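Number of protein chains: 2
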Amino acid sequence: MADLLKTLRETLLMGPGPSMVSPAVYRAIAQPTIGHLDPAFIGLMDAVQEDLRSLLNTENTLTLPISGTGSAGMETCFVNLVEQGDRVLILSNGVFGTRMAEVAGRLGAEVDSMDFEWGAPVDTQQVAARLKEKKYDLIGVVHAETSTGVLNPVEQIGELARENGALYLVDSVTGLGGIPVKLDAWGVDAFYSGTQKCLSCPPGLSPVSFSARATEKLQSRKTKVPNWYLDLNLICGYWAGEPNSSDNKRAYHHTAPINMNYALYAALREIVNEGTDAVFERHLASHRQLVDGLEDRGLAMLVSAPHRLPMLNAVKIPQGVDEAAVRSILLNEHAIEIGAGLGPLAGKIWRIGLMGHTARAENVERLLAALDSAV
Amino acid sequence: MADLLKTLRETLLMGPGPSMVSPAVYRAIAQPTIGHLDPAFIGLMDAVQEDLRSLLNTENTLTLPISGTGSAGMETCFVNLVEQGDRVLILSNGVFGTRMAEVAGRLGAEVDSMDFEWGAPVDTQQVAARLKEKKYDLIGVVHAETSTGVLNPVEQIGELARENGALYLVDSVTGLGGIPVKLDAWGVDAFYSGTQKCLSCPPGLSPVSFSARATEKLQSRKTKVPNWYLDLNLICGYWAGEPNSSDNKRAYHHTAPINMNYALYAALREIVNEGTDAVFERHLASHRQLVDGLEDRGLAMLVSAPHRLPMLNAVKIPQGVDEAAVRSILLNEHAIEIGAGLGPLAGKIWRIGLMGHTARAENVERLLAALDSAV
Chain A
9 MADLLKTLRE
19 TLLMGPGPSM
29 VSPAVYRAIA
39 QPTIGHLDPA
49 FIGLMDAVQE
59 DLRSLLNTEN
69 TLTLPISGTG
79 SAGMETCFVN
89 LVEQGDRVLI
99 LSNGVFGTRM
109 AEVAGRLGAE
119 VDSMDFEWGA
129 PVDTQQVAAR
139 LKEKKYDLIG
149 VVHAETSTGV
159 LNPVEQIGEL
169 ARENGALYLV
179 DSVTGLGGIP
189 VKLDAWGVDA
199 FYSGTQKCLS
209 CPPGLSPVSF
219 SARATEKLQS
229 RKTKVPNWYL
239 DLNLICGYWA
249 GEPNSSDNKR
259 AYHHTAPINM
269 NYALYAALRE
279 IVNEGTDAVF
289 ERHLASHRQL
299 VDGLEDRGLA
309 MLVSAPHRLP
319 MLNAVKIPQG
329 VDEAAVRSIL
339 LNEHAIEIGA
349 GLGPLAGKIW
359 RIGLMGHTAR
369 AENVERLLAA
379 LDSAV
Chain B
9 MADLLKTLRE
19 TLLMGPGPSM
29 VSPAVYRAIA
39 QPTIGHLDPA
49 FIGLMDAVQE
59 DLRSLLNTEN
69 TLTLPISGTG
79 SAGMETCFVN
89 LVEQGDRVLI
99 LSNGVFGTRM
109 AEVAGRLGAE
119 VDSMDFEWGA
129 PVDTQQVAAR
139 LKEKKYDLIG
149 VVHAETSTGV
159 LNPVEQIGEL
169 ARENGALYLV
179 DSVTGLGGIP
189 VKLDAWGVDA
199 FYSGTQKCLS
209 CPPGLSPVSF
219 SARATEKLQS
229 RKTKVPNWYL
239 DLNLICGYWA
249 GEPNSSDNKR
259 AYHHTAPINM
269 NYALYAALRE
279 IVNEGTDAVF
289 ERHLASHRQL
299 VDGLEDRGLA
309 MLVSAPHRLP
319 MLNAVKIPQG
329 VDEAAVRSIL
339 LNEHAIEIGA
349 GLGPLAGKIW
359 RIGLMGHTAR
369 AENVERLLAA
379 LDSAV
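Protein sequence lines, in the order shown, are assigned to chains A and B. Residue numbering for the first sequence is 9 to 383, as defined by our numbering. Residue numbering for the second sequence is 9 to 383, as defined by our numbering.
Here chain A stands alone, though its shape is the one from the complex:
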């Protein structure tokens, strides 16, 4: 059998993730594996947690990467916080909002879903009206909807959630590292993200953070978390993310993905060293350059300007264009990956990612030139 790894071709990743990975992160992931209880690894875990807290603008003790991809982070938040019969409200305007409702429903929650137009943000007035009528245990929303490129008003929703008394859960799989995330200022109680978007790290880990209120709910559950692998009570015994585990003793739970954590460590260090303001500005500049270039070519964006994400650009497919053929040409002839539409937007949009290391002027230029020859 041929060695398939030798046939891999470096691809410019401009889809909805994974994004480009920097040389420093590739070097990190190939460092020698050491034991998951080795003091050197525990030091690295501490550093990862510290950098995550800084990037999330939070003091949350319980802040750590879950040993799975972004969807494992979603599962973690729901399975730890939701018990049978809990009232959950999901504000949904894309695939990942829909997925939240599905995950919560499987756990026996009483789920209400408010569905908004795909491509527009969640309407906070409608949410405010609903929250006057009914009290919820948890309200969930996606910060940066990867399926549409919409930025949702998470700060305003946070105020409404607080007034309602609900725990507030935010998905920022695609936002983290590309736009500001301010957990404490926004009153976010539970948060998850992924490594393969704006953190520019290969997929495989999911940063998660719980506020003191969420931690209290976790610790006062009536039933055990019905998922041993993702039980944060147990995981915190290893990561020492619990308020009362200050003695720094680590109890074995599962073997952490050592080399993935090396990669996450290096990816976080790169962002901290570049400076978050500079990183966010780089994302915005690439986004403006891309939108200008697309509009110059007569292409239109799905989302109206004030609600666009810089890192996920949904572009309407012009009439008569075979969208899949264009993606194939880009991939096969130009080694550039862009994404297709999902669900009701399948065949109607392309999704162009400008995430993390991908968000650079030369990459935007290369894509625009390739589009000129492919469309």
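No lab work stands behind these hints: they were computed from the structure. Check before you lean on any hint, since a few could be wrong.
Intra- or inter-copy, both count: the list cannot distinguish identical chains.
Listed next, the in silico DSS-like pairs over lysine-lysine satisfying Cα-Cα at most 27 Å (straight line) [to be verified]:
no.	residue 1	residue 2
1	Lys257	Lys324
2	Lys257	Lys14
3	Lys143	Lys230
4	Lys257	Lys356
Just so you know, these numbers come straight off a predicted model, no measurement behind them.
Based on the hints, put chain B in the right spot on chain A.
Relative to chain A, chain B alone:
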């Protein structure tokens, strides 16, 4: 902040996992990340599944790596196969048998646990007697108990499970790649393993395999799998491991850990290329060399000779020896990691791993010499 990755020291990993990783696998994990729907990645997924089937001696279509560590594989098997009230029998003689009972109980199963002495194998006569009394939906056992170094009689238990009509679940996190695993011949219905033991790959993935009977149970569940991330009905839509998904179309579920799959691919290729007979013989030879060396030094094994695993060697700690101090000296002065005892065996044994790439004469010699100076 100093770059912690620069302070990492290559360590000879002779604990209960992770094990040594070969240069080819380090090269693989640092290959350029590509998209999870890129045809080149799908080709690699197919190759991983084919090599896993070969190593597992199975025709099972549903054979794939779960995007989490070995414990995620355990969670996957139980959450997909067990429904509220199902009768589950766990045959337990160590930490990982105990964990099985815990995982099944959290899912609402009616769990019976037969507990056997830690350090001795499961007694099939007692199991046969129990199975005459009661019918079970699922019987679970650990093939290679990492906490004690015991090899359990999984083939004989398989016959008993078949007679009882129960599904048969086997954990071979530590066995796979070091001793023969014959799913079809042994009548195993559900199986999970991990990458960081005898596959000599960093931790982060868990190979799982389901027989046609297990797949049928999965497809005829009365309730949805209460875990979206690990729902094999959905995961098979991406990995195409289902009997009826022969059209090779892949539906996005979650973003697979791309680079971890590169590493697993390379690790499996190394085993196939060396030849499984040669690999198993290498484990046995290292094991004999280690046991001889330990016994020459007056040390005694926990497990009697016929029931010992070659890849996990439980050594009784001599009276008066500070076992933690010895492990510290080995790690700090000799850059060798060995493992401590768990649960009732804490402070009573060391666990010396000879897993995968670690199982080589020069490593055994280095450990024995280091022990001479440390004890």
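Hints, one by one, checked against the model:
| no. | hint | verdict |
| --- | --- | --- |
| 1 | Lys257 with Lys324 | between (53 Å within a copy, 25 Å between copies) |
| 2 | Lys257 with Lys14 | between (43 Å within a copy, 24 Å between copies) |
| 3 | Lys143 with Lys230 | within (20 Å within a copy, 31 Å between copies) |
| 4 | Lys257 with Lys356 | between (53 Å within a copy, 20 Å between copies) |
Violated hints are absent here; each numbered hint is respected by the structure.
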